[in-house]
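**Student:** Fit chain V to the known structure of chain X by using the hints.
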Amino acid sequence: MTDRIEQRINSLNKRLNSEKRFRIYCIGAMSFALAWVLILFLNIFSSGYSAFYRTVIQVDVPFLNLIEDTTQFSEMSSEDINNLSMYSFSKKAIYRLFPDIEEKKDKKMLIRLFSIEFEQEIREFLKSNKSNINETETIYLTASDDVDQVNKGNYPRDLDEDKRRIKDIQLLFFDDLVDRGLVSYEFNLPFLMRGDSREPELAGVGGSIVGSLFTILVVLILSFPIGIFAAIYLEEFAPKNRVTDFIEININNLAAVPSIVFGLLGLGIILNTFGLPRSTPLVGGIVLSLMTLPTIIIATRASLRAVPPSIREGALAVGATKMQAVMHHVVPVAMPGALTGTIIGLAQALGETAPLLLIGMVAFVVDVPQTPLDASASLPVQVYLWSESAERGYVEKTSATIMMLLGFLILMNLAAVLIRRKFETKW
Amino acid sequence: MKSIKIKADNLNVYYGEKQALFEVSMYMEEKQVTALIGPSGCGKSTFIRCLNRMNDVIDICKVQGKIEIDGNDIYAPDMQVEQLRERVGMVFQKPNPFPKSIFENVAYGPRIHGIAEHKSDLEEIVVTSLKKAALFDEVKDRLSDSGTSLSGGQQQRLCIARAISVNPDIILMDEPCSALDPIATARIEELMGDLKTEYTIIIVTHSMQQAARVSSRTGFFHLGKLVEVDKTEAIFSNPSDQRTQDYITGRFG
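Top line first, the protein sequences correspond to chains X and V.
Heads up: the first sequence runs through residues 1427 to 1853, numbered per the numbering used here.
Heads up: the second sequence runs through residues 5 to 257, numbered per the numbering used here.
With the rest of the complex left out, here is chain X:
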């Protein structure tokens, strides 16, 4: 008798121990996955956060040298100001930082501390403040990428001069400006507002954010109604026969097609046969819709299938038509699931790069697109483009763009969770 009890206890201990081991394996697996996510986020964040502020250099601009009386600016139209010749005037304003330098070569080096668009920045300042310009105005000009990176500490100063982009004399100028308190940081609003640029300090993700939003909008408009209606038909109305089986298999296949194939399809048919404008969010959206449709259809069908049949019967039994039963009772219950599927599909589309490369959304686009018919970049393609550039400024901007992309994805997934929580039918 006692033997049997002992045996039982031994066997129970064995089972409990194996359960403990099993739990440790599970926790280990989860920690491993989580660690990689953390490393990824840390890596991106640590190299990307500095793109959200930029270095500016304070310059006193003597507008009186440009015109006899600064009140005259208020009477000039924007076009007049555009026509003003300001290049040498702007350069002279910068030379005033170091009045002692005489040599042309040094002056050139000084000018190169600033972004190439310094003249344009002074002009813009003039345009937006033309009604009350003083004799001398203090303007914060964008520093060049090299200065920006040195200031942020991303650039090694101790290399030999011929291995650096920034020269010794420029470092002397820069350190002097720092000592005089003329160098400062500001929030990098232009990074969020502007399109791409060949100058790292001027390049922004504004164009690709807008491009991505337009693309997602096109995807939403196309694939949401088509996906929902296709799913409702297949799940509720289609006769169960070989044709619908065949369609079902192919929708599942469509979900597994590599995305680049959709890009080829877009290139071959949408661009070359139908002649829609190249490089545009419209075409990108159409191509990504094809990719998103199966996701939406599959998710919607699953949530339609999860609606208890008794609800359909209840509606039919009071004399509702099949369509009424479906639209009044089944679809509302399935909607949160369908919306979740749609958002997840959209999130996938937002991060998709390959098909966009083929339809030309990889073009270098300086302007922020105004409509879905304008040439545009998108966030993931922007990452791809900048990751190939050598300049230091693009390195941090690549990471910052990834941060924005991840931010949008997290927001969308959060929205999916919230929608599901809020509208889920409680039985």
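Read the hints as simulated data drawn from the structure, not as lab findings.
Be aware that one or more of the hints could be misleading.
[Said to hold, decoys possible] Derived DSSO-like pairs: lysine-lysine, alpha-carbon spacing no greater than 27 Å straight-line:
(1) K1748/X <-> K123/V
(2) K144/V <-> K1748/X
(3) K6/V <-> K1848/X
(4) K1553/X <-> K1517/X
(5) K200/V <-> K98/V
(6) K135/V <-> K35/V
(7) K136/V <-> K200/V
(8) K1553/X <-> K1518/X
(9) K229/V <-> K98/V
(10) K104/V <-> K1666/X
(11) K1518/X <-> K1534/X
(12) K1531/X <-> K1518/X
(13) K98/V <-> K144/V
(14) K66/V <-> K1666/X
(15) K35/V <-> K70/V
(16) K1748/X <-> K98/V
(17) K1533/X <-> K1517/X
(18) K35/V <-> K104/V
(19) K1748/X <-> K229/V
(20) K6/V <-> K35/V
(21) K1533/X <-> K1589/X
(22) K22/V <-> K70/V
(23) K1748/X <-> K66/V
(24) K200/V <-> K235/V
**Tutor:** Just chain V, lined up with the frame of chain X:
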């Protein structure tokens, strides 16, 4: 002898290759409760679902034979099934209120049939239906609460109110009490007693006591065949078929 409301004649039902009902012929009297009993899988639910053509939903289901309600063949090509179901309401085994408010649950039927012209008419129908289903007093203060928040017995009475709301002649009940506790069951049985003054009721039940308590006529199904149908007292006191005898004495099923 009451007048005959429903008449099934030589009814055969198939699910694909499998035959579920064999040559069922019976009639049901107006404003009476007819009970259908039999072991699981005997075809009684299949039969009752033929009476409002709920079997149409199942693709592979095929019905042969004739069912007449008030002398009209309900499987005739010109019969509109939505109209039929307006006249033949149904209450299911598991309470299945819509996941909407109590009011909306009852108002849905009248609304889709356009029975109520004004909002006040609709409200009146809802109140009357809930009263007839003996639910009104319990829910009158919370008509906007979800129908699914009610208890099982209340949900089932809500489903009865929903069936009544379109003013049918016939109410089919497919094991309406099988998911309920004895007290809720007693309330529904009591309710059936009230309802039969206005409606013809057909009830499928597993409980022979229930059949004996509520019905005036009882049919016994076995393996897809209608073995016997007679006055309830006759079935329970003096069945003519051996299988009925065995079933009601608890020897199988």
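**Student:** Compare the structure with each hint and give your call.
**Tutor:** Now for the hints, and whether the structure bears them out:
For the proposed pair K1748/X and K123/V, the alpha carbon gap of about 25 Å is at most 27 Å, so the pair holds. At roughly 31 Å between alpha-carbon atoms, K144/V and K1748/X are farther apart than 27 Å, so this suggested pair is violated. A distance of roughly 54 Å separates the Cα atoms of K6/V and K1848/X; the hinted pair therefore is violated under the 27 Å criterion. Only pairs whose Cα atoms come within 27 Å are accepted, and K1553/X paired with K1517/X is accepted, the gap being roughly 18 Å.
For the suggested pair K200/V and K98/V, the alpha carbons sit about 22 Å apart, so the restraint of at most 27 Å is met. Restraint check for K135/V and K35/V: the C-alpha separation of about 19 Å stays at or below 27 Å, so the hint holds. Pair hint K136/V plus K200/V holds up; C-alpha atoms about 11 Å apart against a cutoff of 27 Å. About 19 Å separates the Cα atoms of K1553/X and K1518/X, which keeps this hinted pair within 27 Å; it holds.
A C-alpha spacing of about 25 Å is found between K229/V and K98/V, which places the hinted pair at or below 27 Å, so the restraint holds. Only pairs whose Cα atoms come within 27 Å are accepted, and K104/V paired with K1666/X is rejected, the gap being roughly 30 Å. For the proposed pair K1518/X and K1534/X, the alpha carbon gap of about 11 Å is at most 27 Å, so the pair holds. For a cut-off of 27 Å, the pair hint linking K1531/X to K1518/X stands: about 15 Å separates their Cα positions.
Taking the CA atoms of K98/V and K144/V, the gap is about 23 Å. The hint holds against a cut of 27 Å. About 15 Å separates the Cα atoms of K66/V and K1666/X, which keeps this hinted pair within 27 Å; it holds. Simply put, K35/V and K70/V have alpha-carbon atoms about 22 Å apart, close enough for the 27 Å limit, and the pair holds. As the CA atoms of K1748/X and K98/V are separated by approximately 21 Å, the hinted pair is consistent with the 27 Å bound.
Of the supplied pair hints, the one linking K1533/X and K1517/X holds, its CA atoms being roughly 9 Å apart against a limit of 27 Å. With a C-alpha separation of about 32 Å, the suggested pair K35/V and K104/V falls outside the 27 Å cut-off, and the hint is violated. Between K1748/X and K229/V, the direct Cα distance comes to roughly 31 Å. Violation of the 27 Å bound is thereby established for this hinted pair. A distance of roughly 8 Å separates the Cα atoms of K6/V and K35/V; the hinted pair therefore holds under the 27 Å criterion.
Between K1533/X and K1589/X, the direct Cα distance comes to roughly 21 Å. Compliance with the 27 Å bound is thereby established for this hinted pair. Proposed proximity of K22/V and K70/V is supported: the alpha carbons are some 19 Å apart, at most 27 Å. Restraint check for K1748/X and K66/V: the C-alpha separation of about 19 Å stays at or below 27 Å, so the hint holds. Only pairs whose Cα atoms come within 27 Å are accepted, and K200/V paired with K235/V is accepted, the gap being roughly 16 Å.
The structure shown violates the earlier hints numbered 2, 3, 10, 18, 19.
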